[in-house]
Amino acid sequence: MLVLRSAARRVGGWRLDGVAVYATLEPCPMCAGAMVQARIARCVYGARDPKKGADGSVYDVLRHPRNNHRIDVTADVLATACGALLTEFFAARR
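For the sequence shown, the working numbering begins at 9 and goes up steadily by one.
Be aware that one or more of the hints could be misleading.
Said to hold, decoys possible - Only pairs whose alpha carbons sit at most 25 Å apart, straight line, appear in this in silico SDA-like list of lysine to any residue:
(1) 60 with 28
(2) 60 with 93
(3) 60 with 74
(4) 60 with 30
(5) 60 with 102
(6) 59 with 10
(7) 59 with 30
(8) 60 with 72
(9) 59 with 80
(10) 59 with 86
(11) 59 with 90
(12) 59 with 100
(13) 60 with 50
(14) 60 with 10
(15) 60 with 49
Claimed, not checked - Computed beta-carbon distance windows for the label pairs:
(16) 97 with 76: 27 to 37 Å
(17) 21 with 95: 33 to 43 Å
(18) 37 with 16: 15 to 25 Å
(19) 74 with 96: 35 to 45 Å
(20) 10 with 68: 16 to 26 Å
(21) 37 with 102: 22 to 32 Å
(22) 99 with 19: 34 to 44 Å
(23) 101 with 9: 18 to 28 Å
(24) 19 with 82: 14 to 24 Å
(25) 102 with 22: 32 to 42 Å
The set of hints was computed from the structure by calculation and includes no laboratory data.
The C-beta atom is built at its ideal place from N, Cα and C for all residues, glycine as well.
Take these sequences, add in the hints, and give me the full structure.
So this is what it looks like as structure tokens:
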């Protein structure tokens with residue numbers, strides 16, 4: 009959400025046509041919905057989120073047929089490395 013807000017400020021509007029978002033984890037429903045509303049062109053992520061993923065793991069927000077905009081998604085990019093990075097991050101926070 010923060011990166012979308014920052015990008016919108018930078019371009020001077022809420023439409024982020026042609027923008028790609030890169031993330032270590034599959035977007036949650038809230039972030040996926042914000043990406044659809046912002047008209048993000050592409051989402052690339054590493055690890056799937058079996059608890060709250062919104063690219064088909066639990067929900068299918070990014071490419072739902074009733075959306076007025078669909079996002080091109082590339083999933084599982086360096087999934088093992090991204091999963092390890094997330095595990096390390098959350099272990100350090102506990």
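Each hint tested on the structure:
1. For the hint linking residue 60 to residue 28, the alpha-carbon distance of about 21 Å falls within 25 Å, and the restraint holds.
2. Using a Cα cut-off of 25 Å, the hinted pair residue 60 and residue 93 holds, with the two alpha carbons roughly 18 Å apart.
3. For a cut-off of 25 Å, the pair hint linking residue 60 to residue 74 stands: about 20 Å separates their Cα positions.
4. At most 25 Å may separate the alpha-carbon atoms for a hinted pair to count; residue 60 and residue 30 meet this at roughly 18 Å.
5. Between the alpha carbons of residue 60 and residue 102 the distance comes to roughly 20 Å, so the proposed pair stays at or under 25 Å and holds.
6. Between residue 59 and residue 10 the alpha-carbon distance is near 22 Å, which keeps this suggested pair within the 25 Å criterion.
7. Pair hint residue 59 plus residue 30 holds up; C-alpha atoms about 20 Å apart against a cutoff of 25 Å.
8. Of the supplied pair hints, the one linking residue 60 and residue 72 holds, its CA atoms being roughly 16 Å apart against a limit of 25 Å.
9. Of the pairs offered as hints, the one joining residue 59 and residue 80 holds, with about 22 Å between alpha carbons and a cut-off of 25 Å not exceeded.
10. The hinted pair formed by residue 59 and residue 86 meets the criterion: a straight-line CA distance of about 20 Å does not exceed 25 Å.
11. Note on residue 59 and residue 90: the hinted pairing holds, with a Cα-Cα distance of about 16 Å set against a maximum of 25 Å.
12. In summary, the hint linking residue 59 to residue 100 is supported, as the alpha carbons are separated by about 21 Å, within the 25 Å threshold.
13. Of the supplied pair hints, the one linking residue 60 and residue 50 holds, its CA atoms being roughly 20 Å apart against a limit of 25 Å.
14. Proximity of residue 60 to residue 10 is assessed by CA-CA distance (about 19 Å); at most 25 Å being required, the pair is judged to hold.
15. The straight-line distance between the Cα atoms of residue 60 and residue 49 is roughly 22 Å, inside the 25 Å bound, and the hint therefore holds.
16. The supplied range of 27 to 37 Å is met by residue 97 and residue 76, whose beta-carbon atoms lie about 34 Å from each other.
17. A C-beta distance of roughly 37 Å is found between residue 21 and residue 95, which places it inside the suggested range of 33 to 43 Å.
18. Against the hinted window of 15 to 25 Å, the Cβ-Cβ separation of residue 37 and residue 16 comes to about 20 Å, which satisfies the hint.
19. At roughly 38 Å, the beta carbons of residue 74 and residue 96 sit within the given window of 35 to 45 Å.
20. The supplied range of 16 to 26 Å is met by residue 10 and residue 68, whose beta-carbon atoms lie about 24 Å from each other.
21. In this structure the supplied range 22 to 32 Å holds for residue 37 paired with residue 102, their Cβ-Cβ distance being about 25 Å.
22. Between residue 99 and residue 19 the C-beta distance comes to about 37 Å, which sits within the given range of 34 to 44 Å.
23. At about 19 Å, the CB distance of residue 101 to residue 9 agrees with the hint of 18 to 28 Å.
24. Range check, residue 19 to residue 82: Cβ separation about 23 Å, and the 14 to 24 Å hint holds.
25. Distance hint for residue 102 and residue 22: a CB-CB separation of about 36 Å, consistent with the stated range 32 to 42 Å.
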